[in-house]
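Residue numbers (the working numbering), protein chains in the order written: chain A, 2 to 286; chain B, 680 to 1175.
Quick caveat, the hints were computed from the structure, so don't treat them as lab data.
There's no promise every hint is true.
Heads up, simulated EDC-like pairs for lysine to aspartate or glutamate below, C-alpha to C-alpha not over 16 Å straight-line [stated by the list, open to error]:
| id | chain 1 | residue 1 | chain 2 | residue 2 |
| --- | --- | --- | --- | --- |
| 1 | B | Lys1013 | B | Asp1059 |
| 2 | B | Lys1068 | B | Glu739 |
| 3 | A | Lys274 | B | Asp983 |
| 4 | A | Lys266 | B | Glu739 |
| 5 | A | Lys274 | B | Asp776 |
| 6 | A | Lys234 | A | Glu187 |
| 7 | A | Lys274 | B | Asp980 |
In this text the structure is predicted, and so the values were computed from the model without any measurement.
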Amino acid sequence: MKEPVGRRKRIGICCGVLLAAACRAWGQEPADFFRENCTSCHTIGGGRLTGPDLKGVQDRKEREWLVRFLSNPQAMLDSGDPYAQKLQQEARGVVMPAISGMNRNRAESLLNLIAAESKLEKSQFIGLQITDRPFTSAEIAQGKTVFLGIQHLVKGGPSCVSCHTARDLGGLGGGKLGPDLTLVFERLEGRKQLAAWLTAPPGPTMSPIFKRHALQSEEILPLVAFLEDEAKKGGEDQSAAPLTFLLLGLGGAAFSLVMFDSAWKARFRAVRKPLVLSSTHRGEE
Amino acid sequence: MNVRSQVAMVFHLDKCIGCHTCSIACKNIWTDRKGAEYMWWNNVETKPGTGYPTAWEDQEKYNGGWEAQNGDLRLKSTSKTKTVFNIFHHPHVPTMDDYYEPWTYDYQHLFNAPEGADQPTARPLSMVTGELINIKAGPNWDDDLGGSPVYAENDPNLKGLDAAQREQLSAIERLVFFYFPRICNHCLNPACVASCPSGALYKRGEDGIVLLDQNRCRGWRSCVAACPYKKTFFNWFTGKSEKCILCFPRLETGQAPACFHSCVGRIRYLGVLLYDAERLERVAKLPLEELIEAQRSMILDPFDPEVIAAARANGIHDSVIASAQKSPVYKFVKVWKIALPPHIEFRTLPMLFYVPPMAPVMARKENGSVHNISEDLFHDIDDARVPMKFLANLFGGGHEGKVRYALRKQKAVRWYRRSLTVGDVDAETADRMLHEADCTREEAEAIYRLTSLCTFDERFVIPPMHREEAIEMMADPLEHKQNVGFGFLTGPRRGL
Chain A
2 MKEPVGRRKR IGICCGVLLA AACRAWGQEP ADFFRENCTS CHTIGGGRLT GPDLKGVQDR
62 KEREWLVRFL SNPQAMLDSG DPYAQKLQQE ARGVVMPAIS GMNRNRAESL LNLIAAESKL
122 EKSQFIGLQI TDRPFTSAEI AQGKTVFLGI QHLVKGGPSC VSCHTARDLG GLGGGKLGPD
182 LTLVFERLEG RKQLAAWLTA PPGPTMSPIF KRHALQSEEI LPLVAFLEDE AKKGGEDQSA
242 APLTFLLLGL GGAAFSLVMF DSAWKARFRA VRKPLVLSST HRGEE
Chain B
680 MNVRSQVAMV FHLDKCIGCH TCSIACKNIW TDRKGAEYMW WNNVETKPGT GYPTAWEDQE
740 KYNGGWEAQN GDLRLKSTSK TKTVFNIFHH PHVPTMDDYY EPWTYDYQHL FNAPEGADQP
800 TARPLSMVTG ELINIKAGPN WDDDLGGSPV YAENDPNLKG LDAAQREQLS AIERLVFFYF
860 PRICNHCLNP ACVASCPSGA LYKRGEDGIV LLDQNRCRGW RSCVAACPYK KTFFNWFTGK
920 SEKCILCFPR LETGQAPACF HSCVGRIRYL GVLLYDAERL ERVAKLPLEE LIEAQRSMIL
980 DPFDPEVIAA ARANGIHDSV IASAQKSPVY KFVKVWKIAL PPHIEFRTLP MLFYVPPMAP
1040 VMARKENGSV HNISEDLFHD IDDARVPMKF LANLFGGGHE GKVRYALRKQ KAVRWYRRSL
1100 TVGDVDAETA DRMLHEADCT REEAEAIYRL TSLCTFDERF VIPPMHREEA IEMMADPLEH
1160 KQNVGFGFLT GPRRGL
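Take the sequences, apply the hints, and build the full model.
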């Protein structure tokens, strides 16, 4: 009898898998990479979001500096680079995060992409151009249905409520894994930033999920409308949710115990003890 | 006809003296282990009494055995659906209190106790927790009617007895009891086997011994709840269930099981029965009053050439058939019809049969003198201190006919022998009694011999087990031939 898969063969398979993965990473278009990793803070020709508009960035600073900054923004800051500190101030203290999968080659190709896009009249990364008009109550209401997951997300992503809560959701509120989104509109300072965030959520929890199940513009608009409305009403979710939750838990536990007891009513309890008790108390009546 | 062989048993209750030697023999061999201390694969109960575990016969509480409903046979305690919901906690398993908390004594205390005004005593220690305990109950707590206002009066077999009969049972000078030794019945339709979610229990093909595979058992305890005789036990130390194995290692080497071998009253008989497995399902569903007769009809005549041919076709060895022809069990159950299954109403079709006891004496006191002959020769069968209904609840599924038949025949044999040896009964009366009890002189002589003068080899007709053939049902003995050899079950990871 021989081993079904020899050691050498196994190593071969491992190498193959690794190689395939690497090829895929290399093969990823710089445009896709930009869309997934950069658009939540940057546009090309769409104006400033959290980070600066990148149109013509190659003219503002020499290429070598840009490559180094892209590779490790925090290190540049720590080295006391004056331009990096200026950028941080402009972004009101937000530091650009290190992007996973970033290296010299990738940075080069991204800069090439930005240069090419900057020359275009209307770049594909101009960002979601969100309207300035006041939202209608219909849009706000639709936003709430999207938030609650009553309206399913087109690309199959999980609904907001599964991890986030907001004010006046009813019931026990939303999930507690992510932050309360009641005031997120104020925190991100405006429609544009919020819409950009929703286009490609950058957080470590959300990005791996929404990379593959991106929100669509017809979903982002009502969500922004809903969250703006929430923020304008003011005040975070200060309801008595924990107490309700506790009471519901206690009530539910009591209810299920009663249900168990009735379902297993005929269960065996004891034979000998009741027998002895009944005969010892027989003469007392 | 689907002929199978089964090692079956008869316990002759008229001979049991309630010495518990069988229980001790069994305990010493099999259950003297951690986690098994409380188990009594063999135990001896006093009747009336509640037995071990307390009131085990009360299936309204314990939910053991089968019930026939709308032409269907169902386990009372479980079903495929119920198994899903009850798998992690079976709702019908007896508590430790209903068996008893096993204990030993703190003998060291006798030596180590500090000097004081009192004699030191050996205090009882729980064998489960190791703590000092107050003993509340034991496996034969109601032995010889001990604590009878609690235990004997609550015997489930008293159901159907009127108040006067119940009172009589415990009245001074009428007090009566007999012994009821129990082991696993190795039933034809075992509820334990049917209930097991893991398929760990099985009835051995060659001899019908019901065994519990310790490797397969996952400790769900369905068998404990399903067995109406409460003869499977959960070992709290190993987390697996265990039961009587009918000392199969002894049987395979031609020895009687330990409890049989050690029996002081020589009440136990063991031998092979051939039965028709084809009829099993139909029989188990029959109405209660037909059950005993139907089970008897499943047992086949080992002298019938047709049966022999069918047995051979089913792989039953000639030596086993020859053993079945000499089986004492066949005689007691099928030929003489004086051995009856216990609690046939549980519908497991037990293969351990009991000869009902004749207790107590058959004489009757009238106006200060003892009378033992009246016009109705069998009057005392119905007037006995043990009400017929009580015995019928135990051995007749509530119907008195079969029990009365067995007792009448036993009495006729006694009187026949009395006419021969004592001579105070004339031969004519004896013959009349034999005739009325559906018995002949030859049969009476045979019953007498096998009851009173039986030798070891007459009581235990152990068939050759033919393990070398039986194993072929489970595994091919040539499976590893011309394979790797030299003790390898799986090939070494080298060589060609």
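Against which earlier hints does the structure fall short, listed by number upward?
-> Checked against the structure, the hints that fail are numbers 1, 2, 3 and 7, while the rest are satisfied.
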